[in-house]
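The primary structure of each chain is shown beneath.
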Amino acid sequence: MAARMATTIVQFENVGLRYGTGAETLSDVSFSLDGGGFYFLTGPSGAGKTSLLKLLYLALRPSRGLIRLFDEDVVTLPRDRLPGFRRRIGVVFQDFRLVPHLSAFDNIALPLRVAGVEEEELATPVNEMLAWVGLSDRASARPATLSGGEQQRVAIARAVIGRPEILIADEPTGNVDPEMAARLLHLFDALNKLGTTLVVATHDIHLLSRVSSAQMMRLEAGRLSDPTGALKNPPRESRGGKRRKPRA
Amino acid sequence: MTLPFTASPAERRLLTEGRLSGPMPWVIAIMMFLTVLAAAGGLALNHAAQNVTGSIAQRITVQIVEANPDLREQQTRAAMTALSAMEGVTEVTRVPDAEIAALIEPWIGAAGEEEGIPVPTMIDADLSEEAHDRLDLVEEAIVAVAPAARVDDHAQFLAPLAGLIGSLTWLALALVLLTASALAASVILAVRAALNTHRGTIEVLHLMGATDIQIARLFQRRIALDALLGGAVGFLCAVIVLLLLGQRIGAVGSELLGSATLPLGAWLILLLLPIIGAIVSTLVARFTVIGVLKKML
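Residue numbers (the numbering used here), protein chains in the order written: chain Z, 1016 to 1263; chain R, 1250 to 1546.
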């Protein structure tokens, strides 16, 4: 099997984030992520995990530092070029953020519609995605009538239907039972095997051991706890044949 | 291909609420009603002003105020001859004695001249613009052959009326602009309220890579439909009022009021107002949404 080349697709250098005039939520955060990797972002509540993810999915710009995404500096990127970058990123929000008046089908179809996919070309991929997350029989259900786990799967399907290069999930198992959490991780792992880079924020330490290939970043009080070796548990050779070196 | 001002059926579903559920169409209907009435007033006054000034502004009336009937008749003929021979005089008409008698009847009664009251003769003359500009010379030439002649320039006594009509026309135009501004302000408020209502959906779309134009299209289409519906209702109500008003004016029988009618061109301009209103509302919605979205990352 040919070795998978690890290309850096995310790079943070001395990134700081401050909301208003308060103290820095993130300070001197530096790390790199390789394409095709599976990364857990851990840390206690309030450590800045969601803020770091917001920087990653371009919902915020940092107060200082450099962020490179897909080999481009996104800190100084003109605003009108951001949509193109966002379409390469899938996000599973902690609170799902499903559009309440749209059916599960329409919610999952949103990224494709945003990308300008014709209506007649939507049904096949959306139905495939519904089947993939086990919600084929709930296609026309609105979010309010779905259980928490079902909503979560709709959110995941919506995040991945556009075949994003990076999938970011913020506490994806926070609202589901252990069995569902295991299924979600299985879904993520399957996606990762298809080449999607996964960044999953969680404070559930049990998750970390369930994905053997995953690497870990730990945030505490807005700082990566070990900036020089933030990416622990480097991928095993079984995934790509070649051991990825941790970056910091 | 999706045009910048259109949205697919699926895109339309992204925003909730039916078109007529909010007050927007009714606000637009009221604004359009007032705008059409103001514009109709301005157009009718403009038409009246054109009628008045166009037909008699370059006309003079020569009165021969002479007590001796023979002398008066002699001077009248001399004045008519002189006027007819003048360059720039396009028409010379002697006002029939019966018409003059009818004009002064309310003041001196039907007997008039029979009771020894001298009634002047009157000659209407239409001048070219150039001839009207040298009215002094015309007057001199008339007085030379008819010393009892008095020349009345219609433009002189029409000036205050023309000024009033002009002022009212400008007032109508100002009202049209004010109502249009109020309409634009209403659209801005409605769009901002809608943006707040749909903030969650917008943020999700934004983070999925929707462009400002894509999001703006959703709002501008709704506002365009509201504006067209409201505009049509307001326009129809205004037309009904104008037709009823026209009937009332016709019943008065005043020549001046009667001249304040709406020609076909004016009706076409009024018909354009709801369409212009919809276009303006759509553009205002588009730029408002884009302006608000630009404040987001």
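Don't take every hint at face value.
What the hints assert, rightly or not - To spell it out: a stretch of chain Z is covered by chain R in this simulated footprint if at least three of its residues, at any positions, have a beta carbon under 8 angstroms from a beta carbon of chain R; those stretches are:
no., segment
1, 1045 to 1056
2, 1069 to 1079
3, 1095 to 1102
Keep in mind the hints are simulated off the structure, nothing from the lab. For each residue, glycine too, the CB sits at the ideal point set by N, CA and C.
Here's how the hints hold up against the structure:
no.	hint	verdict
1	1045 to 1056	violated (count 0)
2	1069 to 1079	holds (count 5)
3	1095 to 1102	holds (count 7)
Checked against the numbered hints listed earlier, the structure breaks hint 1 alone; every other hint is satisfied.
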